[in-house]
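Q: Residues per chain, in single letters:
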Amino acid sequence: GNSVTQMEGPVTLSEEAFLTINCTYTATGYPSLFWYVQYPGEGLQLLLKATKADDKGSNKGFEATYRKETTSFHLEKGSVQVSDSAVYFCALSDGGYNKLIFGAGTRLAVHP
Amino acid sequence: DAGITQSPRHKVTETGTPVTLRCHQTENHRYMYWYRQDPGHGLRLIHYSYGVKDTDKGEVSDGYSVSRSKTEDFLLTLESATSSQTSVYFCAIGSSGAGTEAFFGQGTRLTVV
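In the order they appear, the protein sequences are chains A and B. Take any residue in the first sequence, count from 1 to its spot, add 52: that is its number in our numbering. Take any residue in the second sequence, count from 1 to its spot, add 611: that is its number in our numbering.
What the hints contain is simulated information worked out from the structure, not anything from laboratory work. Because the structure is a prediction, the values reported are computed rather than measured. Hints may be right or wrong, so weigh each one.
Unchecked claim - Pairwise CB distance ranges, derived in the manner of DEER restraints:
id : chain 1 : residue 1 : chain 2 : residue 2 : range
1  : B       : Ser680    : A       : His163    : 44 to 54 Å
2  : B       : Ser680    : A       : Glu67     : 42 to 52 Å
3  : B       : Arg720    : A       : Pro62     : 17 to 27 Å
Virtual Cβ for every residue (Gly too), placed ideally from N, Cα, C.
With the hints as extra help, turn the sequences into a complete structure.
A: Okay, here's the thing in structure tokens:
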């Protein structure tokens, strides 16, 4: 079945460091791919998405490119801030009723 | 704010008791979902609904039932709570179309003692 694998954290960085969180997926067909973010005590909110191969999603300085050849959707940011501290979830939508399949989540802690 | 309200936000209950969690939306979205969040597992789908009285099972549906009698309300019931159902439960809403964003509620933290 469909699945998502992402690097487990925690990831600890200093402010202004470069961030990469790896995400790979297994899916039949052509899923849509998402990154959701969860700030402490809150629900999840969409960070960015891509719906077809080679699409790049971007938002708030974060980017991820849908790579079908490597079945990956890695999240990157060039310079993280303390306010980026959160849990990041990679997910795919398997088409039917837009149900989401999530990775385990990666906790990011950014220190001043 | 996507207009999703979960209630209660926190609940402690005893093993063997029934529990109902409520999700209410004001966005008129057709699809509604219940997920549970557990460390190391991310979020996993329990049940979902694609219309009034139209529901189906997700990945981890054992021990749970749902009902949707109105577009705006989606109820999740634990018929007889067990300690393995201690978790954070999230309701989400969405629409049709590839890549459509899902909107999540604030979550309900349920502890079964």
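Q: Each hint should be assessed against the structure and marked as holding or not.
A: Evaluated hints:
no., hint, result
1, Ser680/B <-> His163/A: 44 to 54 Å, "holds, 49 Å"
2, Ser680/B <-> Glu67/A: 42 to 52 Å, "holds, 50 Å"
3, Arg720/B <-> Pro62/A: 17 to 27 Å, "holds, 21 Å"
Going down the numbered hints, you'll see the structure goes against none, and every one checks out.
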